[in-house]
Structures are given as C-alpha cells and as structure tokens.
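Peer 1: Next come the chains, spelled out residue by residue.
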Amino acid sequence: MASIGQNRYPDRLPDFLNAGVWARSVLLVTALCFAASLARAPHWQAVPDDFVEVVAVTLPALVLWLLAAAALNRLLQRLSYAGGLSAAAALAVLCALGVRQAASWMQDSDVGDAPRQAALALFAAAAVLGFFHLRGRALSPALTEARLQALQARIRPHFLFNSINAVLSLVRTEPRRAEAALQDMAELFRVLMADNRQLVPLADEVRLCRQYLELEQLRLGERLRVQWHADKMPRDAMMPPLVLQPLLENAVNHGVESSAEPGVVSINIYEVRGEVHVMLRNPYRQDGAHHGGNKMAIGNIRERLALHFDAEAALESRVREGAYQVHIRFPYVRAPAPADEGKAP
Amino acid sequence: MSPPRALRVAVCDDEAPARSRLRELLADCAASMPVDVVGEAASGVQLLALLQECEADVVLLDVRMPGMDGLETARHLGKLARPPRVIFATAFDAHAVNAFELQAVDYLLKPIRGERLLEALLRLRSLEPAPREVLREISPAPRTHLSVPERGRVLLVPVADILYLRAELKYVIVRTASAEHLVEDSLVRLEQEFEASFIRIHRSYLVAKRHLAGFERNGEDGDSGWVAVVKGLPERLPVSRRQAPLARAFGRMRP
Chain A
29 MASIGQNRYP DRLPDFLNAG VWARSVLLVT ALCFAASLAR APHWQAVPDD FVEVVAVTLP
89 ALVLWLLAAA ALNRLLQRLS YAGGLSAAAA LAVLCALGVR QAASWMQDSD VGDAPRQAAL
149 ALFAAAAVLG FFHLRGRALS PALTEARLQA LQARIRPHFL FNSINAVLSL VRTEPRRAEA
209 ALQDMAELFR VLMADNRQLV PLADEVRLCR QYLELEQLRL GERLRVQWHA DKMPRDAMMP
269 PLVLQPLLEN AVNHGVESSA EPGVVSINIY EVRGEVHVML RNPYRQDGAH HGGNKMAIGN
329 IRERLALHFD AEAALESRVR EGAYQVHIRF PYVRAPAPAD EGKAP
Chain B
776 MSPPRALRVA VCDDEAPARS RLRELLADCA ASMPVDVVGE AASGVQLLAL LQECEADVVL
836 LDVRMPGMDG LETARHLGKL ARPPRVIFAT AFDAHAVNAF ELQAVDYLLK PIRGERLLEA
896 LLRLRSLEPA PREVLREISP APRTHLSVPE RGRVLLVPVA DILYLRAELK YVIVRTASAE
956 HLVEDSLVRL EQEFEASFIR IHRSYLVAKR HLAGFERNGE DGDSGWVAVV KGLPERLPVS
1016 RRQAPLARAF GRMRP
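Residue numbers (the numbering used here), protein chains in the order written: chain A, 29 to 373; chain B, 776 to 1030.
No wet-lab data here; the hints were simulated from the structure.
Be a bit skeptical, because a hint or two may be false.
Stated by the list, open to error - To give a feel for the contact side, a few chain B residues facing chain A, derived at Cβ under 10 Å: (1) Arg794; (2) Ser795; (3) Leu797; (4) Leu801; (5) Met840; (6) Asp868; (7) Ala879; (8) Asp881; (9) Lys885.
Said to hold, decoys possible - Covered stretches of chain A (chain B as the covering partner; in silico rule of three or more C-beta atoms under 8 Å from a C-beta of chain B): (10) 146–157; (11) 191–201; (12) 252–262.
As the list claims (entries may be wrong) - Examples of chain B residues lying across from chain A (beta carbon under 10 Å, computed): (13) Arg798; (14) Gly814; (15) Ala817; (16) Ser818; (17) Val820; (18) Pro841; (19) Thr865; (20) Phe867; (21) Ile887.
Heads up, the beta-carbon is just placed ideally off N, CA and C, and yes, glycines get one too.
Could you build the full structure based on these sequences and the hints that come with them?
Peer 2: What follows is the structure, encoded as structure tokens:
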C-alpha cells in the first residue's frame, strides 16, 4: 500500500562515510558468506573451516570496497541513483578482482576463476545496495507521518488558540508587538506545514525555536525563562527540520505551563570532534498529565534522526537533579557549498 | 425607575494577556449593559481570596490552569456564602466542552468574541449556577485543595499538606501539621477521590502516603497490635485488624 508521499521520497545511495552503513554491510556480507559455506561444505564439520576461508577473502574485498566508496562518496552521491548504483557495483568488482590478485601472489593455491569472483562480488554488492534501498523505503513513511504529526499533534490546538488570544490582547494596546507576534506565528506555521523532508541548517531550526519561544513568552510572561547557550553552535550543520522545536514545546508544556512558578528552559548547542550536541533542560514536574505526548514526539524524532544519520545520531532523555533533560547528538555535516557547481575549470 | 445595578464580574486566567483581553471585551460590553470588573486573579487560590474580599455576580474562569484547574476552582466557589455564577473559558478541551453542553453549563471558547461574551452575560441572569455534583462529574481528577467553610469564609487546605483524614460522625476531620479542620464529606468518597495519595489504615482513618513514616508495634492501642507513625505528629494512629497485613508489608519494604 504505497502512499504518494512514499513514492516521492528520492532513492539515494547509502552514505558510505556512515559507521552504521559499514556495520550493516559487514554483518550482511558475513551472513552471506556463512550461507555460502553451508551450501559449499561437504559436511557439517567442514563448515567452520570453509567459512574462515571464504571470509578471509571476502571481508578484505568488502573493506576495500567500503574504503573506496567512502573516498568517492561525494562523487557517488552526486551521480543519479542508477549511475551511482552502477559505479558502486563496478567498484565492488574491481575490489574483488584486486583482492583475488593479491591472494594469488601471496599463496599460489587456487583462488577461483576471475569471472566467478566478479559475479559473486556483483551479487554481494547488489545485496548490500538492495538492502539499503529497502531500508530507506521502509523508513520513509516515518517522514510522511512526521509531517502529518507536525500538522496534527505538533500544533497543539491549545497553543494555537491561546497564541491567537495573546495576540488579540496586544492588538489595541501594543500593535507593534502584535504585528511581530503574528509574523512569528506565520513563519512557525509555514515550517510546520511545509514538506519537511529536506535537511536544513541548524541556524534555521534555532531561529524557528526562538520565534516559537517568543510566542510562548508573550503568553506566559515571567513564568517562562529561557537560557540560550548557542554562541558557539555550528550554524551550517545540516539537520532534519522540526527536531528541536517539538522538544522545546514539550519543555514549555510540561516544565513551565504546568506550574504557576517560573521555570527555566535552557538550550545548549555546541560542537565537539565533528559532532553537534544539543542539550535541552526543563524543570521536571511529576504532577499532571505527563509524558504520553512527549514519548510520541521523542520516538518520532529519534526515528527521523536515524533515517538521516543512521547510527551516528542519538537522542537520550532522562530525569536528573529535578530537571528533565534531552541530549541529541548528530554528525556535523555542512551544507553542500553552492559554489561547487560554479567552480568548474 | 432606578438604573439597573452593574453586573459585578471577576476574571480568572493564569495568562496575563488573556486577562487583559477579557478586560477589554468587558469594557466593550459596558456599552450594552452596565458591567463592573471587581478584580482579576491568576489562579484559583487567588480568585477565592479575591472573592472573600469583594462579592462578584459572575466569574469568567479559565478551565486549564496549573495546579488548581477551573473546574476545581468552581467547586470551591460553590462553598462561598453567596457563590457567583461561573462562565468557563477554554481554548480546546473536547471533553470539557462536551460536558458543558450536556449539563448546560455556561462556557466560552477562546479566543472569545465580544458578542458571545455579551450574550453569555445577558443570558446569565436566568440560569442557575452549575451544581457541584455536575462539576465533580466533569472533572473526575482528584482536587488539589479541600475547601473548609470557617467563620463565614472559605479556607483552602492543600491536599499535599494533609497528614490524615479522620471520620467523625457526619464529618471528616482534616489534620495538617498546624491545624485541624472539619469538612462535610464522607471518608468513603474521599478515599475514592484520593486513592492515589492516601491509604486506609482503619475504619475511620485515611493517612497520606507521603507523610506516613511507618508502623510500630503497640500492645495497648488499636486492636491489631500496630499503630501508624506520621511524620511531624507526636500521636500514633490506630491500625485496624483488617489493615494489619498492610503494616507488615510496609515494614518489610522499609526496614
């Protein structure tokens, strides 16, 4: 039952710089090797020896292939999907033949004939690429759903109506602030209703968060205290949109709105060793209807991070010293410089 | 013929802009009917304090507020000597709105329109205030405060401060660290409402879990051989035979 949204998701080669892609490829190919040994070995006891033999040739070829693909990652990603597939498959055949050649130099036992090796390499590459293709397909509804959720759950009706109410209260007395608030609202809703499947720069997401917090500030006044520590954030780091805003909304909702006392929401964004870290903190209140919606939002965001960054990204939440704390980390991937295209010799 | 007395209105919402918006709208209403805003409050507790000082005919009350919500506030208001009529205001509470419709309780949807507010205020004079039982049905969540009528006033006792509740004839005695109050209620009903935070240790005693220190062996008192120890309370509370297993279990949990 493919939906329209699913089909629109562009097919993409796996990101060969991603550790998750490496791990999954190695696991998959090792499993294939084991299956091959099961088929090849004359009897059960011979399977382990045969497996070692097969793996000893296959894994070096695989690693060589992954290294080559990682080195050529940018180029591969820029090709069309079909072109990328063919290039990656050709690379696999080259690597397999290369390893075969090296093996024949080291030991002059039989290493199998070249055409068969090439065909096997082609199969293995097809299995790996096919796996990632299906995986992308399987996860892509999460994006469509994320968009729907953005429309339904994310815009809490309470937030919408209360914000309009707050703006109405300003119209007569402070028309300029009302104007600014309506503009913030318009931008917030534009993003919430957009097709949010492309990565955006961190700076954009942070601006959206600030606009959102401005609106909440209008409503909650002194009760909402916001601390930003984002001076050193990598502004050009790419990330899925609407990752931070819903988390902030939860923070305001559960940590501030649920109490008459003022509450501090703090946002800490920094970069360490090629990773972007975001720390959100808000007061933890045990009372009141807690965390059903929060869990849903967190699950959704975790899924989208996984789709974009695989194992390189993580989201953890915990309660510590009376504060609810969410920690996100994802790789620092810069926006592809638009100058690239114009730099032709 | 003397001019009609102005309708005295109090406003209660936890968000300041919402309060000022209501003030503006009430000022607009003044063109059609005399309205006098007697005051505004940011919480149910504040509203009750306000209405002890000055009377109001009607309260515009936000449903969703931190701590004591609008529905609970309305229940406490009912204990005032001359309870005001209540018009609830809500942004989006499907459950509450359904209940309001069903029970013919006055309510307005936020953002509130001037005409609707005027209409509600005009119609109000013919309506009875919503009975407390109805409000209790709409909001089954346990209250955050108990209201105690005392010397012509209504005193709010935070449930979190209550050490134990003791049944005494038709009344229930509410014991806090500093005082004892009398409320007209049944221990059975209170037990149902606060089952999450209180436990029954005796036919006539409910103890607050958060204040319960433990149980002690005691030969003379009670018929089970156990008494309950409550933090900050010198006296010991009897534990009935039926509840003795509870005491033993508690003892095992916290040696």
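Peer 1: Work down the list of hints and note, for each, if the structure agrees.
Peer 2: Here is how each hint holds up against the structure:
no.: 1; hint: Arg794; in the structure: holds (8 Å)
no.: 2; hint: Ser795; in the structure: holds (5 Å)
no.: 3; hint: Leu797; in the structure: holds (9 Å)
no.: 4; hint: Leu801; in the structure: violated (13 Å)
no.: 5; hint: Met840; in the structure: holds (8 Å)
no.: 6; hint: Asp868; in the structure: holds (8 Å)
no.: 7; hint: Ala879; in the structure: violated (23 Å)
no.: 8; hint: Asp881; in the structure: violated (19 Å)
no.: 9; hint: Lys885; in the structure: holds (5 Å)
no.: 10; hint: 146–157; in the structure: violated (count 0)
no.: 11; hint: 191–201; in the structure: holds (count 8)
no.: 12; hint: 252–262; in the structure: violated (count 0)
no.: 13; hint: Arg798; in the structure: holds (9 Å)
no.: 14; hint: Gly814; in the structure: violated (18 Å)
no.: 15; hint: Ala817; in the structure: holds (7 Å)
no.: 16; hint: Ser818; in the structure: holds (6 Å)
no.: 17; hint: Val820; in the structure: holds (9 Å)
no.: 18; hint: Pro841; in the structure: holds (5 Å)
no.: 19; hint: Thr865; in the structure: holds (9 Å)
no.: 20; hint: Phe867; in the structure: holds (4 Å)
no.: 21; hint: Ile887; in the structure: holds (8 Å)
Of the numbered hints stated above, those contradicted by the structure are hints 4, 7, 8, 10, 12 and 14, listed in ascending order.
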